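Novice: Each chain, letter by letter, is given below.
Number of protein chains: 2
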Amino acid sequence: MAIAVDTFFLKPDAQGTLQAQIQQMIAEGILSGRFHTGEKLPSSRKLAAHLGVSRITVTLAYTELLANDYLTSRGRSGYFVSENAPVPPSYTPTPARGETIDWSRAIARRFTGGDVLHKPADWRSYRYPFIYGQADPDLFDHANWRLCAVRALGQKDFASLTADYVDQDDPLLVEFIARNTLPRRGITARPEEILITLGAQNALWLAARVLLNRRRKAAIEDPCYYALRELLLQSNGNVAALRVDQDGLPPETIPDDTDVIFTTPSHQSPTTATMPGWRRMALLDRAREIDAMIVEDDYEFEMSFLRAPSPALKSLDGDGRVIYVGSFSKSLFPGLRLGYMVGSEPFIREARALRSLVLRHPPGHIQRTAAYFLSLGHYDAQIRRMSATLMKRRHAMEAAIAGHGLTIAGGGVFGGSSLWMRAPEGIDCGRLAHGLRADSVHIEPGEAFFSGPDRPRNFYRLGYSSIHADRIPQGIERIARAISREQSVWT
Amino acid sequence: MAIAVDTFFLKPDAQGTLQAQIQQMIAEGILSGRFHTGEKLPSSRKLAAHLGVSRITVTLAYTELLANDYLTSRGRSGYFVSENAPVPPSYTPTPARGETIDWSRAIARRFTGGDVLHKPADWRSYRYPFIYGQADPDLFDHANWRLCAVRALGQKDFASLTADYVDQDDPLLVEFIARNTLPRRGITARPEEILITLGAQNALWLAARVLLNRRRKAAIEDPCYYALRELLLQSNGNVAALRVDQDGLPPETIPDDTDVIFTTPSHQSPTTATMPGWRRMALLDRAREIDAMIVEDDYEFEMSFLRAPSPALKSLDGDGRVIYVGSFSKSLFPGLRLGYMVGSEPFIREARALRSLVLRHPPGHIQRTAAYFLSLGHYDAQIRRMSATLMKRRHAMEAAIAGHGLTIAGGGVFGGSSLWMRAPEGIDCGRLAHGLRADSVHIEPGEAFFSGPDRPRNFYRLGYSSIHADRIPQGIERIARAISREQSVWT
Numbered sequence: 001m002a003i004a005v006d007t008f009f010l011k012p013d014a015q016g017t018l019q020a021q022i023q024q025m026i027a028e029g030i031l032s033g034r035f036h037t038g039e040k041l042p043s044s045r046k047l048a049a050h051l052g053v054s055r056i057t058v059t060l061a062y063t064e065l066l067a068n069d070y071l072t073s074r075g076r077s078g079y080f081v082s083e084n085a086p087v088p089p090s091y092t093p094t095p096a097r098g099e100t101i102d103w104s105r106a107i108a109r110r111f112t113g114g115d116v117l118h119k120p121a122d123w124r125s126y127r128y129p130f131i132y133g134q135a136d137p138d139l140f141d142h143a144n145w146r147l148c149a150v151r152a153l154g155q156k157d158f159a160s161l162t163a164d165y166v167d168q169d170d171p172l173l174v175e176f177i178a179r180n181t182l183p184r185r186g187i188t189a190r191p192e193e194i195l196i197t198l199g200a201q202n203a204l205w206l207a208a209r210v211l212l213n214r215r216r217k218a219a220i221e222d223p224c225y226y227a228l229r230e231l232l233l234q235s236n237g238n239v240a241a242l243r244v245d246q247d248g249l250p251p252e253t254i255p256d257d258t259d260v261i262f263t264t265p266s267h268q269s270p271t272t273a274t275m276p277g278w279r280r281m282a283l284l285d286r287a288r289e290i291d292a293m294i295v296e297d298d299y300e301f302e303m304s305f306l307r308a309p310s311p312a313l314k315s316l317d318g319d320g321r322v323i324y325v326g327s328f329s330k331s332l333f334p335g336l337r338l339g340y341m342v343g344s345e346p347f348i349r350e351a352r353a354l355r356s357l358v359l360r361h362p363p364g365h366i367q368r369t370a371a372y373f374l375s376l377g378h379y380d381a382q383i384r385r386m387s388a389t390l391m392k393r394r395h396a397m398e399a400a401i402a403g404h405g406l407t408i409a410g411g412g413v414f415g416g417s418s419l420w421m422r423a424p425e426g427i428d429c430g431r432l433a434h435g436l437r438a439d440s441v442h443i444e445p446g447e448a449f450f451s452g453p454d455r456p457r458n459f460y461r462l463g464y465s466s467i468h469a470d471r472i473p474q475g476i477e478r479i480a481r482a483i484s485r486e487q488s489v490w491t
Numbered sequence: 001m002a003i004a005v006d007t008f009f010l011k012p013d014a015q016g017t018l019q020a021q022i023q024q025m026i027a028e029g030i031l032s033g034r035f036h037t038g039e040k041l042p043s044s045r046k047l048a049a050h051l052g053v054s055r056i057t058v059t060l061a062y063t064e065l066l067a068n069d070y071l072t073s074r075g076r077s078g079y080f081v082s083e084n085a086p087v088p089p090s091y092t093p094t095p096a097r098g099e100t101i102d103w104s105r106a107i108a109r110r111f112t113g114g115d116v117l118h119k120p121a122d123w124r125s126y127r128y129p130f131i132y133g134q135a136d137p138d139l140f141d142h143a144n145w146r147l148c149a150v151r152a153l154g155q156k157d158f159a160s161l162t163a164d165y166v167d168q169d170d171p172l173l174v175e176f177i178a179r180n181t182l183p184r185r186g187i188t189a190r191p192e193e194i195l196i197t198l199g200a201q202n203a204l205w206l207a208a209r210v211l212l213n214r215r216r217k218a219a220i221e222d223p224c225y226y227a228l229r230e231l232l233l234q235s236n237g238n239v240a241a242l243r244v245d246q247d248g249l250p251p252e253t254i255p256d257d258t259d260v261i262f263t264t265p266s267h268q269s270p271t272t273a274t275m276p277g278w279r280r281m282a283l284l285d286r287a288r289e290i291d292a293m294i295v296e297d298d299y300e301f302e303m304s305f306l307r308a309p310s311p312a313l314k315s316l317d318g319d320g321r322v323i324y325v326g327s328f329s330k331s332l333f334p335g336l337r338l339g340y341m342v343g344s345e346p347f348i349r350e351a352r353a354l355r356s357l358v359l360r361h362p363p364g365h366i367q368r369t370a371a372y373f374l375s376l377g378h379y380d381a382q383i384r385r386m387s388a389t390l391m392k393r394r395h396a397m398e399a400a401i402a403g404h405g406l407t408i409a410g411g412g413v414f415g416g417s418s419l420w421m422r423a424p425e426g427i428d429c430g431r432l433a434h435g436l437r438a439d440s441v442h443i444e445p446g447e448a449f450f451s452g453p454d455r456p457r458n459f460y461r462l463g464y465s466s467i468h469a470d471r472i473p474q475g476i477e478r479i480a481r482a483i484s485r486e487q488s489v490w491t
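Top line first, the protein sequences correspond to chains A and B. If you use full-length UniProt numbering, the first sequence corresponds to residues 1 to 491, in order. If you use full-length UniProt numbering, the second sequence corresponds to residues 1 to 491, in order.
Source of the hints: derived by calculation from the structure; they are not laboratory data. Don't take every hint at face value.
[Unchecked claim] Residues from chain B shown here face chain A by an in silico Cβ test under 7 angstroms; the list is partial:
id : residue
1  : A14
2  : G16
3  : Q19
4  : L66
5  : N68
6  : S82
7  : E83
8  : P86
9  : V87
10 : I101
11 : F158
12 : D319
13 : F333
14 : A353
15 : R360
Small disclaimer: the values here were computed from a predicted structure and weren't measured. We treat Cβ as the ideally placed atom computed from N, Cα and C, and that holds for glycine.
With the hints as constraints, model all of the structure from the sequences given.
Specialist: Now the structure itself:
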C-alpha cells in the first residue's frame, strides 16, 4: 500500500529546516504506527510538489531516513518503510480512569501553595516588559556561546559530554572559577572547596539542607527573594524575617538563637541596597558572637556599572563561616541553570554527597560550554557590553521616573538590572500590574517578596534588562498614568 | 612594555583548535592580571614562529580578541592590551586560614558515608572494562546528537535555550514523550501528568520526598540500586529491604504497613530479572490491598534485544497507584542527566513544585536537543544499532562464561547491558575486583547493592556496554583465573 501524499503537511509554526521537518514527519508517522513496514512513500517529485518544496530537499530527507534504516530503497521503484523500522507495540491502552487513590492521604509532603511570581509566558510580546532576569537577545553573545557549545560537542570532549561524573564536576570549569572568577571577588579557594550547582537556587537549597534541621533557626532578609523563603519554610520551618534598611540587613536585629543567616550583601534582593564595609564587618562580628553560619548570595555583583563592586563578604571571612553562592545564569541566561558555591571542605563534602543523591551532577555539556565561554574571555566581554547598555537604560529609567514623579525605594549604588519602587500608600500593586497588562506593560508586584501576614502591597519591581532604552520613557509614563488612575479611584 | 614571547606555551594536552588555545592564553593572561593595559603583544610573526604555528592562526586569534575589546590595534605598530580590557581588582587575599568553625556542630544533616560504587576515573584505559552504564563512543550516534544540539542552539530556539521556564518544561519534549515514548510502554498520559527530571535518580528522589515522611514506610528490593537505598535512608529512614527471586520482587513479602513500594519490573537492578505478567498483577493486587503506592523504575526496557519487552507495570494500573520513572541518560549517555516521571496530576503537581524549589528545571538546551533527537528518529535508530551490538556481546559473554565455568546469577531474559554473577562461596568480590585491576580488568563488586549487616560478598556485576566483543573472551578468562587464585588462597 502506498502512503497518500495528502497525509503530509508542513506546519506553519514548525521549527528547523524544511528537510528536517520532512524527516520528522516521516519518522513520527513510523514511530506512532501510522505508516507500516513495506508501505511505499510518495515519490520525491510528488511530495515536493505537494509541499511546495524543492525535490532535492525531499530526496535528502529520504536519504537520511535510509541511513537510519527507517526506509529502504528498491532501485527505481522508490522508497518503502523498512523492515527494520521500529514497530510500535500494540498494547491495550491503560484502563479507563477511575482513580481510586486518595491523594490527600498519599501525598506525604506538600510543596505547592507557596509564593510564586507569575511571569507571563508571552512577556516577549509586551511592548514595555519591565521584567526581571530574562535574557535579552540583543545583549547575550549568542554567536560565541554557540561556538563554545559546538566545541564542547566535539570528538575531543566526548568524555566530558557523556561521562557519568558521579559526584564530581568538570575540572576545567572548577579550575577557571578558582583561578579567575573568585580572585576577583577577593576569594581564594581550592577545587575541593567549590561545588557546581544547577543555578543559585540549587546552591541555596543545598546549603539549607546541610546547615538546617527542625531544631535550627534561619534568619532571612525582609523583603527577600521569595523562592529562598519558600525553600526554607519547606525544609526547616524556623525562619526569622528581618526588615532591611538602606544598607541591607542590620546585624543587630539578628536573634541570638540564629544558626544560619541568609544575606545578599552585593545587591540586596529585591531592594538592590549594597551593604557598606562597616556593616559587613559588624555582620561577621555578630555571626561570630552567636556562632552562626552565613550564606552569602553574591547576587548581581557583575552588574556594577556605576561604581566598582566591593569584594565579597566571603573575602573578609577568616573563620570559614561564610558559604558563598555565585551564578552564571543571571548574567548569561536563566535557562542555563549553572551556579556554584564555595565553602570549607567539610561543608562542600556534605553538599556534594547531597547533590549526588538528588541529581548526581549538572550536565557535562553545559559545564564544558561555560568553561570555554569563560576562558576565551567571552564572558567578561559580554558583561562589559551588558553594563554599557544597562547604564544607558538605567539613566533613561531615572530620568523618566523623576519626570513623572514616581518614587524609587531602592536603586543600587553600584548598578544592577532593576529598581525597587514604592507606589503611594493604599495602591495595591498586584491590581496595578494586572491593569497595566492592557497597556502592554509588565511590572512585578512586590508583595511576594515580603514575609509575614501584613505585607506591604504598594511596592513593585521594575527590571530593565529586557526593555530597550527608547521604550522606557513611554513605559514609565503608562505606569505613572495607571497609578494616578488607581489613586483617583481610591481617594 | 612588551609582553615577552617566551611567556607563551602551547600545552601538550590542550583541547580545541590552535587559534582557540592562543586566544585563551591571552585572555587568561589579561583576566588573571599578568598582562596589563597598554602592554604590547608579540607580533603575529614572532608569536607564530615561537609556537610553531602558522601566522594566520595567530592573526585570527588577535582579531577575535580585538572584537571582544581585549586588544586594540595601533596600525602598523601592532596589538596592545586594550584600555577597556577587564582589570582584575587587587583585593587583599582572604586572611590566612585559621578556621574556627566546629563542623561537627555546624553541619545539621550528614549525607556522606553511604554506599557508593567507585568507578575508576581512568576506566577507559582498562583493556577489559566490564563497566556498567557508561557511553560507548562506538555505539552512541554522536554526529546526529551534535546536529540536534546545534539546531537547538539556533536563532529560532533562542527562547527555549535561554528562558526561565520557572517550573515548566520544554513543551516539544513533553509532547513527544506523551505521543510516542509512553504509548510504546502501554501508557497514556496527558502533559500535566509528565515531569522532566535530571535523570532517573532525580525522579526517584522527587517521588520519595513527595510520598514519604518520617512516619511512612518504604519497601525496596534487595539487592537494589544502592543510590536508591541511600536516598530513602536519608529522606525517610523506614525502609524494608525485600529479597528478590528469579522473577523479581515477591509481592507476598511486602509488609502490611508499607506506604510506597520501589520496584524495577522490566529489568531488576542489579539481578536483571524480569517480572512476569502474573506477578505484576499480584503486585498491583497487593498494593491495592494495603493501599500502597508503587514507584516503577522502568529500567533498561529499551535494551530488549532477546525478546520484545513487556508493557510497563503502569500500563496495568487503573487506580493511579503507579508512578512511572523513565530515563534517556541510560540509552544515550549518563552525562545527559535527562529523565521523566509520569503520575496522576495531584502527584506531578507536588513533584513539580518541589523540583522548582530545588533546581527550577532541567536546562532548556538539553531538553530541546533531546526533543529533536527523538522526533527525527535518531533515538530509535540508535537503540536498534545498540541492541544489535549488545546482542553480539551478550552471546560472547555467555559463551566465554560457560567456557570458563563461571556462574550467571541473573541474566535478563529480554536483554540488558549487564550480567549479575555469583562467585563461589567465600570469595570476596571487593578483593577480587581490586586484584583484577593489575590485569587491566574492571568488574563491579556486588556488595553495595545489598541491604543490611550481613551482605553477601560473592556477587559481582559485569557490564558489557563499553567492552568490544572481541575483548570479552580474554577478559572473562582473566576473571576466571583470578577467582581460581582467590579460591586456592582461601582453601
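Novice: Flag every earlier hint the structure violates by its number, smallest first.
Specialist: 1, 3, 4, 6, 7, 9
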